[in-house]
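**Student:** Listed below, chain by chain, are the residues.
Protein chains: 4
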Amino acid sequence: MRGTDSQLVRQEEQRQDLGFGTKINSGFGRLINKDGSFNINRRNESFWDRLNLYNRLITMSWPQFFGWVLLFYLTANLFFASIYLLAGADGLKGTTDVDNFGLFWKAYFFSSQTMTTVGYGHIAPNTFTASLIASFESVIGLLAFALATGLLYGRFSRPVAHIRFTKKSVLAPYLDVNAWMFRIINARANQLIDVQIEVSLSMLETKPDGTLTRRYSSLKLERQQVNFFPTNWTLVHPITEDSPLHGCTPEDLARSDAEFLILLRATDDTFSQIVHSRHSYRYDEVLWGRKFKPMFDSSRQGLVSVDLNALDDTYVAALN
Amino acid sequence: MRGTDSQLVRQEEQRQDLGFGTKINSGFGRLINKDGSFNINRRNESFWDRLNLYNRLITMSWPQFFGWVLLFYLTANLFFASIYLLAGADGLKGTTDVDNFGLFWKAYFFSSQTMTTVGYGHIAPNTFTASLIASFESVIGLLAFALATGLLYGRFSRPVAHIRFTKKSVLAPYLDVNAWMFRIINARANQLIDVQIEVSLSMLETKPDGTLTRRYSSLKLERQQVNFFPTNWTLVHPITEDSPLHGCTPEDLARSDAEFLILLRATDDTFSQIVHSRHSYRYDEVLWGRKFKPMFDSSRQGLVSVDLNALDDTYVAALN
Amino acid sequence: MRGTDSQLVRQEEQRQDLGFGTKINSGFGRLINKDGSFNINRRNESFWDRLNLYNRLITMSWPQFFGWVLLFYLTANLFFASIYLLAGADGLKGTTDVDNFGLFWKAYFFSSQTMTTVGYGHIAPNTFTASLIASFESVIGLLAFALATGLLYGRFSRPVAHIRFTKKSVLAPYLDVNAWMFRIINARANQLIDVQIEVSLSMLETKPDGTLTRRYSSLKLERQQVNFFPTNWTLVHPITEDSPLHGCTPEDLARSDAEFLILLRATDDTFSQIVHSRHSYRYDEVLWGRKFKPMFDSSRQGLVSVDLNALDDTYVAALN
Amino acid sequence: MRGTDSQLVRQEEQRQDLGFGTKINSGFGRLINKDGSFNINRRNESFWDRLNLYNRLITMSWPQFFGWVLLFYLTANLFFASIYLLAGADGLKGTTDVDNFGLFWKAYFFSSQTMTTVGYGHIAPNTFTASLIASFESVIGLLAFALATGLLYGRFSRPVAHIRFTKKSVLAPYLDVNAWMFRIINARANQLIDVQIEVSLSMLETKPDGTLTRRYSSLKLERQQVNFFPTNWTLVHPITEDSPLHGCTPEDLARSDAEFLILLRATDDTFSQIVHSRHSYRYDEVLWGRKFKPMFDSSRQGLVSVDLNALDDTYVAALN
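Residue numbers (the UniProt record's numbering), protein chains in the order written: chain A, 1 to 320; chain B, 1 to 320; chain C, 1 to 320; chain D, 1 to 320.
Keep in mind the hints are simulated off the structure, nothing from the lab.
Misleading hints may appear alongside valid ones.
Claimed, not checked - Straight-line C-alpha distance at most 27 Å; calculated BS3-like pairs for lysine-lysine:
| hint | chain 1 | residue 1 | chain 2 | residue 2 |
| --- | --- | --- | --- | --- |
| 1 | C | K168 | C | K207 |
| 2 | A | K207 | A | K93 |
| 3 | A | K293 | A | K220 |
| 4 | B | K93 | D | K93 |
| 5 | A | K93 | B | K93 |
| 6 | B | K207 | A | K293 |
| 7 | B | K220 | B | K168 |
| 8 | B | K293 | C | K207 |
| 9 | C | K93 | B | K93 |
| 10 | D | K207 | C | K293 |
| 11 | C | K93 | D | K93 |
| 12 | D | K93 | D | K167 |
Build out the structure end to end from the sequences listed, making use of the hints.
**Tutor:** Set out below in structure tokens:
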């Protein structure tokens, strides 16, 4: 048996910590932003770590991504066109009268035909220098498109859970007690299986010496995990006597800067990838005395309809 | 110790739920279709979520996929051919007499030579406008083929379990009791390891107030997991006294709209990917008093033969 | 508590089964071949399942793979060359005197220039038909190379454990008892972490009614798992009183067609992929009364040398 | 219950072993290098296993990688240029006066235009032999760029944890005892979740017979795992009575060649990949009687700042 002689060490071991620490954010402010990122500022990060190029190219929106690809293409062609002109105007010789729109554009279009490896040949490198530059430009073009191929695949195959959370959580009557609840749906058509959810409550506490400290308690859910997630799922934390919310008023939650931190894990059925989703509700995102309306329309026999637009619908319900 | 003061909350926590909910489908109709998808209709899904483009391109059949690729290629060439013609008939100048099949087809073939970056050059862009369009078309062509590369790889590398389930399950004598059984084989030549199976039974129940509710109970299998899966595997749920099927007649199953829900997890040995498979048997897909015939042909010494065609073979066997 | 009323069902549940079944291979012959595949013949497999094209192209050797790529390239060019000739000899018109090596080769090289999208243009399609064929050939060429890209990546990134097992296992003295042992090394330079091993012993047993049945027992190892695997690892099953090998002679093992089945799981550190390896030793691959020689050369201070060639070295050691 | 009759076997089973073995490195020298690799020399490794081409191309630095790509491109062009010249000077015929920079460079640039599939056509293969060589070169070029595509994607998508460990660990006062501590931060902007850490202490021991043997003990941490890792994390091993460090002096650690071995596992949130990191601190990398300074700057309300440069900052603190 492994005993610990220090009482203080044993206490510290039992304290829950999600990784934010107790000293962090003893002032007021949310820990997890609505988009799932952390509300933390990192100073003195190195340029490359801050840039994090691959991650950005993978996670930016599609219009942004294609914008950057196009910008790269135009800039690279401008750059090489200038190089060809610097290397001598006679370097590129057209077999036809392509000179009619000027030397610069001839060099520009030759560059684009080289970089994409189209190479019609009606403009072709005529000197050693121009040939050498074209030889490099074509290999750079191929590597750039190899990169684009990888990025496109990375963007598509990245495991993302498109979980939609209700905008607000509710505090509603539940059986013979009350419960804190929120609701989620899978916004995408592909199936999620083995969905698990963990909820923690972060609250500020005044220590005996008067300083503020942050305490985390995990909230027990009526159901932590489901095998399938074809419709909606209402997560329920019953406020029984052992709940940290037992006896709390809205004012108590506000005073302690309460924040519900949610971590979801699931498996995407199409690609068997693990996906994650983070969310948080602050004390002012709890509706007291409201319940979620059902999202089903079971009027037709044998086929269940879920109305995704009804996700945030609630109605008044007197608390127990 | 964590006690819960509410009796009702405790009861609710112990109720099994696969994620379908109790209210769903209180009418009659299957929960899981024969292809493993869910029998659920989603209303008000957004256009992009419903389209789910990448998923569709990955999961559609090969002829469909190549059909769409070809359609895109033809349409894009038609589009660019029209643009070249609009930009002026003198934009494309052939070095040879390629005009003999008409201006449109010259533009069309020039477009296809540009998009695939073949660029013979016997037709080449002759004006600033035509050169500019060609410069864009070639980069669009490269990105389109980058995308096709990613899609082809995604299609091939997607983890799929080709499990074949028997068309019907059986209710057969087993040792000194009866058992509900079904049988599976791996239809593909690559090996599956660490195969796990979970089976749940969904039944309608009449609540004291006369409304119908759905109850789920997990069925205990004689063996939930095997390390290797080289041949066939017969899954056996012995109907002992603690089974929800104990004492049930075919009529009981029909009345309660019984459905056996099956979730299989395994590891594909070639790529070390987790694969999943779902299946379901409804009450009318249970053969009462039949047993599966062995699939082995062990006539030859030292080599075992499995006849995949014998998967669904059964014979009459009197129930205990 | 979940009791089972049938004694026979309870017995059956406790029987170990790796997934081979008891009836399989009641004759003599190994279950797992030396290359880790299963010694099972599958009849009536469908053509595509048997072909399993992607798997084969991924797992075949490099010379075979490049052979098939080349064969495809040559065949496809021959095919398209024939099509161009059938479509009319005047379809391809060279700007230079490329006719000097014959019409067929002109068509063949034009085809290869189109398929690879080189498209010099000194041979170019001159008729509508030839242009149309070339338009299709170039897109087919691009898709074929897209496929090759995916296959090359799939081949490289496939998680494979290059574990080398000793050719024979040994039965050696160990502390104050005897033990069955084998030894493994990681043949590759990349690190494996969290290596786990499971060993089962398969033996034939005569049932009371005189028929043969196969029994599987898992063998307890001195150590089932290591965090790191930088050198060699000797797996040791001590033959204590509760071992199925206790009191066995070489003749006993031969009579019961004994086979040691080994399943290894590990994580490749470079790509964080799970890798698997299977192996088996039959009764005639156990050296009785021999021990493995150390593979270390610790003559130099501060640096440990492992001699990979010493893997199979053993010496005589009297059994306890 | 599974009893073991041999006392010695039972003792051996309880000995901890990370996979290094006890005999390894009984001399002095670190087990894990500062870069996380193992301090082991492998003799008689086969050429291909030692080369481990794919791994090297994936893990080398970016300048090195592009250097090798360029070197391959230049060498392959030189090789094919020589082949074209050997096959006859008349094989390549320019449509324009490209001969003005010599036969060799004409062949070289033709080769580069073929390999990258640019194929302007102002230099084109004129004989059967030259056409045949060009036909092979273009397919080799395509396969090489297919390979480069896969390698680029593999480099980008490889799961790597950019964890920065403090240069030194400290032995500091902690509550009412002392503790051995080190600190880590995530150097990258992408989030890590479910971070787990295991620490083992390796020490030399003198056996009764006077020989040295290495003993491993796992160190109990105040907290082994956190859900989120947005800021820094200080790992604390409290030196209570059951710690192997209890009562140790700096001299004791030096005499027993003590080394703290650290294994970190986490999940990269962007790609849901498992990432690993190894580290080690030797006895001379422990600062006795120093504590880590906080890395926070919580002066501004509602936003926490972490100063990454403060990772290694410590101050003097008298031990308990």
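**Student:** Confirm or reject each hint.
**Tutor:** Evaluation of the provided hints:
1. For a cut-off of 27 Å, the pair hint linking K168(C) to K207(C) is broken: about 31 Å separates their Cα positions.
2. In summary, the hint linking K207(A) to K93(A) is not supported, as the alpha carbons are separated by about 82 Å, beyond the 27 Å threshold.
3. Note on K293(A) and K220(A): the hinted pairing holds, with a Cα-Cα distance of about 23 Å set against a maximum of 27 Å.
4. For the proposed pair K93(B) and K93(D), the alpha carbon gap of about 23 Å is at most 27 Å, so the pair holds.
5. Taking the CA atoms of K93(A) and K93(B), the gap is about 16 Å. The hint holds against a cut of 27 Å.
6. Between K207(B) and K293(A) the alpha-carbon distance is near 22 Å, which keeps this suggested pair within the 27 Å criterion.
7. At most 27 Å may separate the alpha-carbon atoms for a hinted pair to count; K220(B) and K168(B) meet this at roughly 19 Å.
8. For a cut-off of 27 Å, the pair hint linking K293(B) to K207(C) stands: about 22 Å separates their Cα positions.
9. For the hint linking K93(C) to K93(B), the alpha-carbon distance of about 16 Å falls within 27 Å, and the restraint holds.
10. Our distance criterion of 27 Å between C-alpha atoms is met by K207(D) and K293(C), whose separation comes to about 22 Å.
11. For the proposed pair K93(C) and K93(D), the alpha carbon gap of about 16 Å is at most 27 Å, so the pair holds.
12. Between K93(D) and K167(D) the CA atoms are separated by roughly 64 Å; this puts the pair beyond 27 Å, and the hint is violated.
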